[in-house]
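Enquirer: These are the residues of each chain, in order.
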Amino acid sequence: MSTALAIAELEAGYEPGLAIVRGASLEIAAGEIVALLGPNGAGKSTLAKAVAGLVPIFSGSVRLGEKEIAGAQAHLLARAGLGFVPQTENVFAPLTVAENLELAAAVAHVKAKQRLPELYALFPDLAKARRIDAGRLSGGQRQMLAMARALVPNPRVLILDEPSAGLSPKLVEHAFAKLAEIAASGVAVLLVEQNVKAALAIAARGAVLVEGRVHVDAPARDLQVPGVLERLFFPHAEAAAP
Amino acid sequence: MILQIIADGLIVGSTIALGAIGLTMTYSLLRFANFAHGEFIAWGAYLALTFLGFFIALGGGGAMAPLGPFSFGWQLLAALVAGAIATALLALVLDWLLFDRLSAQGSAIVLTIASFGAALALRNFLQFVYGSLPAYYTRELQIAIHIVPRDVGGGLRATPDQLFVLGLALVLVVGLHLFLQRTTAGRAMRAVAHNPALARVTGIDVASVVRWTWILGAILAAVAGTFAGLVGQLRPQIGFDLLLPLFAAAILGGIGSVPGAVIGGLIVGLAESAAVPLIGAEYRAAAAFGVLIAILLVRPQGLFAERAK
Ligand SMILES: Nc1ncnc2c1ncn2[C@@H]1O[C@H](COP(=O)(O)OP(=O)(O)OP(=O)(O)O)[C@@H](O)[C@H]1O
Ligand SMILES: [Mg+2]
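Chains L and G are the protein sequences, given in the same order.
The first sequence lines up with residues 1 to 242 when you count with the numbering used here.
The second sequence lines up with residues 1 to 309 when you count with the numbering used here.
Chain L on its own, in the form it takes in the complex (with noise of 0.2 Å):
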């Protein structure tokens, strides 16, 4: 399969000289769902960022299909093909959801009468909502919003900063179900995750961020096995353990 993405040695940061992603690499094909995974503050969301646009990339190589995409202006990149949906307030809240949706297909050259009724039929919930304005969706609607709004422009890369944050488990089930019907259809997914478990369910591969760089980057079912990951988020635990 061809690769969507490619980021090769990246290092980022929201200082100069102060990289939080120490030379991180990483390939995603399209269709495929990647979880990336790791401890708190290993740099996930700054990475995401960082491939969206939203931080600043001091070097290595993003690729978007053949593209060299490292320090493109985030809106130019999302027209590009690259839907990126942030970890927290990822909805326009003033805006209703229709609203939401239709500013993303303006700017996108995007038809919205043709391409909102398609999600619509992805998103059933959304349908029923829009004329709310999203500030007053539920946790749920929310999050199917704000992938619904990644989705416009028919990315070729979705890469979504924990989607499951907030969500029951039955809604975080709903959504990934999304997330993977939405890979089917061809998109290249790349999925960071806290909830490792349902992440992994869906994932093709799984790849583990410690301090900035990428430390294992295997197979999803090589990673399910219980206690591999504990290993792998804190590599000096055991060193340290008397």
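The hints are simulated quantities; they were obtained by calculation from the structure and are not laboratory data.
Any given hint could be a false lead.
Output of the computed footprint for chain L on chain G, the stretches with three or more beta carbons under 8 Å from beta carbons of chain L [unchecked claim]:
| # | segment |
| --- | --- |
| 1 | 88 to 96 |
| 2 | 204 to 216 |
A partial selection of chain L residues facing chain G, derived with a Cβ cut-off under 10 Å [said to hold, decoys possible]:
| # | residue |
| --- | --- |
| 3 | Ala52 |
| 4 | Leu54 |
| 5 | Ala74 |
| 6 | Phe84 |
| 7 | Pro94 |
| 8 | Leu95 |
| 9 | Arg149 |
| 10 | Pro153 |
Nothing here was measured: the structure is a model prediction, and the numbers come from that model.
C-beta atoms are modelled at their ideal positions from N, C-alpha and C, and glycine is treated no differently.
Keeping the supplied structure of chain L fixed, place chain G with the ligands upon it in accordance with the hints.
Expert: Relative to chain L, chain G with the ligands alone:
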């Protein structure tokens, strides 16, 4: 009497409202209080004066033939448009020279202080160019017409120019509201005001939205300045004197809220006009200050705060 106070308040208030809209929009997108906004009002008013001279000369010189009941002719309307465009350019230059550069690293306080400096420079430059004597768009005298006879609520008189100001302000406010609610550019502005990072990953060119916000704010400021000159006189301090009422209106309405700025502007205008019979004309300017203090004590987030954080 009471009707007259309300009418006067609404006329003053519509000028304040147009100015406060720009102030609140700049604040909600760029997160700083722009003290130079008052100078956009003053420059807008004076640039319109310059263009008025130009258009009168273009029409063969002499006096401006009034349009219907108004004191001004088509030349003033053309000057209003040209002055607004020139003021928008001034705002873009100021953004490019100052605010855009500073916002790359600076905090809100740096931008605010910079805007204070820009205001001083703009005001002094204005005085240097135009002098400090009062100026007028037209010396045509206007007879106030009776709209409500004297035996009903004390009666109500207004000049056709005042009604023009009120009418055009209403049209602009409604137009802006529709623009923000219905058009992609307007929704993009609201999106950027709500969450700039999310706007960027949605594909919105935030830099371009910021430029359009400067343009819109400056246009409304220039119209407000021209209104102030039309129903009063032009003075270089016209913008500075409006600064306090503008801030009072924007804060009263809930900073960041366009409808709030409009309502806030009208309330401050009414307070100013009610202050004249209540505490005397010399304290008129204190009314805005009183409103500001009252609102900060009672409801500091304003009447229509959009972000209750
Ligand atoms: N806006 C910011 N400015 C400066 N430093 C930041 C910023 N956001 C995060 N950091 C720092 O970057 C490091 C990595 O944070 P990041 O949010 O990428 O971790 P994470 O792996 O996503 O953690 P979590 O699992 O808790 O979401 C942390 O040390 C954090 O303090
Ligand atoms: Mg995170």
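Enquirer: Hint by hint, note whether the structure agrees.
Expert: Results of checking the hints against the structure:
Only residues whose beta carbon comes within less than 8 Å of a beta carbon in chain L count, and the segment 88 to 96 of chain G has 0; fewer than three means the coverage is violated. Coverage of the segment 204 to 216 of chain G by chain L holds. Counting CB-CB distances below 8 Å, 3 residues qualify, and the rule asks for three or more. Proximity of L/Ala52 to chain G holds as hinted, the smallest CB-CB distance being about 5 Å (cut-off 10 Å). Against a cut-off of 10 Å between C-beta atoms, the interface hint on L/Leu54 holds, since the closest Cβ of chain G lies about 6 Å away.
With a cut of 10 Å, the hint placing L/Ala74 at the interface with chain G holds, because the nearest CB-to-CB distance is about 4 Å. For L/Phe84, the shortest C-beta to C-beta distance to chain G is roughly 4 Å, which falls under 10 Å, so the interface hint holds. Satisfaction of the interface hint for L/Pro94 is found here, the shortest Cβ-Cβ separation to chain G being roughly 6 Å, below the 10 Å cut-off. The beta carbon of L/Leu95 is positioned within 10 Å of a beta carbon in chain G (closest approach about 6 Å), and the interface hint is therefore held.
With its C-beta approaching chain G no nearer than about 7 Å, L/Arg149 sits inside the 10 Å limit, and its interface hint holds. About 7 Å separates the beta-carbon of L/Pro153 from the nearest beta-carbon of chain G, less than 10 Å, and the hint is met.
Checked against the numbered hints above, the structure breaks only hint 1 and satisfies the rest.
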